[in-house]
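Engineer: What follows is each chain in one-letter form.
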Amino acid sequence: MALSPHYFSDSAWQKRVEDYLSGDGVDPFVHANYEAITRSLLDPQTGLRMVVNIPADALLGFLRTGRYLNAYDEPVVGGKPRKPSERRKLVDEWLGLDDPRDYFFGAVSIGGTGIRFYGEYCLVLKSVSDDTRIFDRNSYDLTQPPFSDGDAQSYVPMLRGEWKADIVHMLTMKLLPELRDRQWLITLGSVSDAILHDEEFVEVHRKGRFGIADIEEVRQSPEDEALHTNILTRYEDGEAPSLEEMLWIARRNLVRQQLAKAGVPLRVVVSSGRGNRWK
Amino acid sequence: MEMSDTRWYVESWSTTDGLAFASERTDDGTVVNVVFLAPPYWSPVAVANVATAWAAHRASFQRGFFDAEGENEIAFESLSEIREVLRRAYLASGYGTFPSGEGGEGGEGGEITPLPGGDGGDGGGGFNEVAERLSLVVDADSRHSLADSLQTFYRHEAANSEMPPTLVHYLSSQSQQAARRAEMGGKAERHFFAALTRASFYVFGDYIYDPPYPWRWWAMHRTNPSSILTMIFRMPIRRHNGRVETLGDHLALAASSREYLRSIRRPADLLPLFLGALFICAANDDVSWHGGPLRPDVVDEACRWLAANVPGVIGDDHPASAPLEQFITTMRDEGPAAVRPRADLHTAVAT
Numbered sequence: 001m002a003l004s005p006h007y008f009s010d011s012a013w014q015k016r017v018e019d020y021l022s023g024d025g026v027d028p029f030v031h032a033n034y035e036a037i038t039r040s041l042l043d044p045q046t047g048l049r050m051v052v053n054i055p056a057d058a059l060l061g062f063l064r065t066g067r068y069l070n071a072y073d074e075p076v077v078g079g080k081p082r083k084p085s086e087r088r089k090l091v092d093e094w095l096g097l098d099d100p101r102d103y104f105f106g107a108v109s110i111g112g113t114g115i116r117f118y119g120e121y122c123l124v125l126k127s128v129s130d131d132t133r134i135f136d137r138n139s140y141d142l143t144q145p146p147f148s149d150g151d152a153q154s155y156v157p158m159l160r161g162e163w164k165a166d167i168v169h170m171l172t173m174k175l176l177p178e179l180r181d182r183q184w185l186i187t188l189g190s191v192s193d194a195i196l197h198d199e200e201f202v203e204v205h206r207k208g209r210f211g212i213a214d215i216e217e218v219r220q221s222p223e224d225e226a227l228h229t230n231i232l233t234r235y236e237d238g239e240a241p242s243l244e245e246m247l248w249i250a251r252r253n254l255v256r257q258q259l260a261k262a263g264v265p266l267r268v269v270v271s272s273g274r275g276n277r278w279k
Numbered sequence: 001m002e003m004s005d006t007r008w009y010v011e012s013w014s015t016t017d018g019l020a021f022a023s024e025r026t027d028d029g030t031v032v033n034v035v036f037l038a039p040p041y042w043s044p045v046a047v048a049n050v051a052t053a054w055a056a057h058r059a060s061f062q063r064g065f066f067d068a069e070g071e072n073e074i075a076f077e078s079l080s081e082i083r084e085v086l087r088r089a090y091l092a093s094g095y096g097t098f099p100s101g102e103g104g105e106g107g108e109g110g111e112i113t114p115l116p117g118g119d120g121g122d123g124g125g126g127f128n129e130v131a132e133r134l135s136l137v138v139d140a141d142s143r144h145s146l147a148d149s150l151q152t153f154y155r156h157e158a159a160n161s162e163m164p165p166t167l168v169h170y171l172s173s174q175s176q177q178a179a180r181r182a183e184m185g186g187k188a189e190r191h192f193f194a195a196l197t198r199a200s201f202y203v204f205g206d207y208i209y210d211p212p213y214p215w216r217w218w219a220m221h222r223t224n225p226s227s228i229l230t231m232i233f234r235m236p237i238r239r240h241n242g243r244v245e246t247l248g249d250h251l252a253l254a255a256s257s258r259e260y261l262r263s264i265r266r267p268a269d270l271l272p273l274f275l276g277a278l279f280i281c282a283a284n285d286d287v288s289w290h291g292g293p294l295r296p297d298v299v300d301e302a303c304r305w306l307a308a309n310v311p312g313v314i315g316d317d318h319p320a321s322a323p324l325e326q327f328i329t330t331m332r333d334e335g336p337a338a339v340r341p342r343a344d345l346h347t348a349v350a351t
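Top line first, the protein sequences correspond to chains A and B. Residue 265 in the working numbering sits at position 265 of the first sequence; the count goes up by one each step and never skips. Residue 337 in the working numbering sits at position 337 of the second sequence; the count goes up by one each step and never skips.
No lab work stands behind these hints: they were computed from the structure. Keep in mind that the hints are not guaranteed to be accurate.
Stated by the list, open to error - Computed far set for chain A versus chain B, every beta-carbon distance over 12 Å:
(1) ASP181
(2) THR187
(3) ASP214
What the hints assert, rightly or not - Derived CB-CB ranges, DEER-like:
(4) A:SER154 <-> B:SER227: 57 to 65 Å
(5) B:THR330 <-> A:ARG39: 48 to 56 Å
(6) B:ASP28 <-> A:SER9: 31 to 39 Å
(7) B:ASP27 <-> A:GLU225: 39 to 47 Å
(8) A:THR38 <-> B:GLN326: 48 to 56 Å
(9) A:GLU239 <-> B:ASP317: 28 to 36 Å
(10) B:ASP28 <-> A:ALA226: 39 to 47 Å
(11) A:THR187 <-> B:VAL138: 49 to 57 Å
(12) A:GLY208 <-> B:ARG265: 50 to 58 Å
Note that beta-carbon positions come from the ideal geometry of N, C-alpha and C, so glycine has one too.
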């Protein structure tokens with residue numbers, strides 16, 4: 001089965017958007033929403049950011065050393081895998097990273113808490129360089145169907161781009177399913193959810209390590225804050241917490257203290273970033 | 001639903017943070033299920049795309065869980081076994097979370113002398129039964145038996161032991177108001193463990209207002225549970241390999257390592273565990289701290305708490321057991337940094 005020629009195209013991302021918008025039968029609301037989305041995404045104060053999720057212990061290490069570590073292959077439990085992952089070597093080769101050790105992976109976000117799976121704290125970077133590479137999905141998806149059913153590498157040029165030139169248009173292409181048949185103006189919350197939702201995200205390949213000074217703020221989700229309060233409330237009511245609950249709370253307290261000491265704001269936001277009542 | 005001809009594997013694991021992706025695979029390696037697990041409960045969250053698990057290798061997750069030779073991935077019969085491994089490694093990584101005195105070794109209270117040993121009996125009072133059961137918990141029944149043994153032993157100690165002045169002195173010397181606290185601690189209790197618990201409350205009275213009226217600390221103990229949960233990881237209690245260990249460190253070791261539990265060979269070795277458990281479970285004791293011994297139900301709860309937190313599910317013969325114990329040994333002998341990624345290990349791809 002052929003993939004969508006509108007999406008999977010050799011044309012630049014901007015051209016793909018323009019081709020779509022100039023097509024027959026495109027609703028006027030699509031045009032209006034496209035303009036609203038572009039305006040929102042490019043807003044320097046509230047617009048797009050690269051985010052990196054990180055769990056508490058790793059975040060404390062980052063704050064202690066000032067150095068963010070990307071992947072490492074030294075397991076801390078168990079023996080070292082005899083061979084590196086063939087899958088990983090393959091994907092990195094397809095992506096064409098000139099010196100992979102210098103690349104740090106993240107996601108694109110517009111106000112949310114990032115990909116919770118990779119850590120409950122979401123580091124928001126102040127900026128990235130214009131030529132920062134982006135990929136429209138998790139690059140490991142290339143090893144999965146339908147890509148793996150054919151020549152997966154051939155899709156890479158169609159799915160990658162650079163931050164300044166392509167980010168808005170790439171995201172617009174991803175948002176188009178949301179815009180079709182929509183007879184009203186889209187809100188930023190819907191845009192935010194569509195950009196990064198659950199396991200779906202746009203991958204950012206930042207070249208060069210970042211440090212504490214590069215962090216605009218750290219975000220966390222209300223769910224974690226609610227759980228924190230729930231454990232303490234149950235304790236006040238006489239239910240002694242388990243040791244894992246205690247360690248979880250203690251680390252969160254330490255993260256809060258260390259972020260304050262480092263002068264990095266910590267905010268609680270809902271996943272779409274619309275929770276302005278939390279702070 | 002777990003299929004009978006499948007096994008579970010760790011796909012990606014942020015060891016010290018307890019986050020992991022686990023997959024259920026058939027004999028031919030086909031992935032039929034992927035879940036995400038995270039502390040503090042490790043409730044499985046279904047993941048639609050295994051590529052999400054692999055992408056974690058680009059973050060702070062190690063790839064898989066291999067045996068010591070690095071030849072084979074360690075297989076698990078059930079998701080519960082993986083959850084126990086994640087839990088134990090996570091708790092073990094709590095060791096050294098808060099270096100004592102914030103300054104690491106030594107702390108600001110001066111040199112900490114080793115905790116006096118040899119007190120608390122000669123192995124009577126059911127200690128041998130406790131020692132035997134501590135490291136053999138695998139199911140609910142063995143946890144109940146351990147809790148019963150701990151309660152029996154504690155009651156025996158409480159009834160027969162006098163508070164050794166050296167212990168009060170030891171604990172008191174850690175604070176800036178040592179003399180006053182030692183004096184007040186001396187009035188507090190006559191029972192060995194209970195008195196030690198009280199004394200330790202006092203030692204960490206940097207949070208107490210001056211003058212340190214005990215009821216104010218007690219009130220804070222009851223009204224600020226978040227502080228209690230953090231403070232337990234700050235309370236210095238012993239020294240190991242030149243490193244000051246806290247009550248939280250010992251609780252973390254007891255909850256994660258059977259080797260640690262097997263090293264408990266005398267009643268005094270149980271002190272950090274009883275102190276920690278009593279400290280946690282006494283938060284709702286409404287007796288003012290100089291008003292008498294701990295309530296029996298608080299003691300019983302502390303014993304049940306200890307029994308509930310020691311390792312279970314995975315036996316010593318499980319392939320995951322040895323690497324876990326090695327992880328803990330490395331951390332305790334070489335320090336918490338030894339089991340965390342280092343700046344020179346930052347390869348984005350395996351080369």
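Engineer: Does each hint fit the structure? Answer for all of them.
Structural biologist: To see whether the hints hold, each was checked on the structure:
Every CB of chain B is more than 12 Å from the CB of ASP181 of chain A (nearest about 25 Å), matching its label as outside the interface. The claim that THR187 of chain A lies off the interface holds: its Cβ sits roughly 26 Å from the closest Cβ of chain B, which is beyond the 12 Å cut-off. The claim that ASP214 of chain A lies off the interface holds: its Cβ sits roughly 16 Å from the closest Cβ of chain B, which is beyond the 12 Å cut-off. About 58 Å separates the C-beta atoms of SER154 of chain A and SER227 of chain B, a value consistent with the hinted range of 57 to 65 Å.
For THR330 of chain B paired with ARG39 of chain A, a C-beta distance near 54 Å keeps the hint of 48 to 56 Å intact. Taking 31 to 39 Å as the suggested C-beta distance range, the pair ASP28 of chain B and SER9 of chain A conforms, at roughly 37 Å. A hinted range of 39 to 47 Å holds for the C-beta pair ASP27 of chain B and GLU225 of chain A, which are about 43 Å apart. Checked against the hint of 48 to 56 Å, the C-beta distance between THR38 of chain A and GLN326 of chain B comes to roughly 55 Å, which is consistent with it.
Judged by the Cβ atoms, the range 28 to 36 Å given for GLU239 of chain A and ASP317 of chain B holds: they are separated by roughly 35 Å. Evaluation of the 39 to 47 Å hint for ASP28 of chain B and ALA226 of chain A yields a pass: the beta carbon distance comes to about 42 Å. About 53 Å separates the C-beta atoms of THR187 of chain A and VAL138 of chain B, a value consistent with the hinted range of 49 to 57 Å. At about 53 Å, the beta-carbon gap between GLY208 of chain A and ARG265 of chain B stays in the expected band of 50 to 58 Å.
The structure meets every hint from the earlier list without exception.
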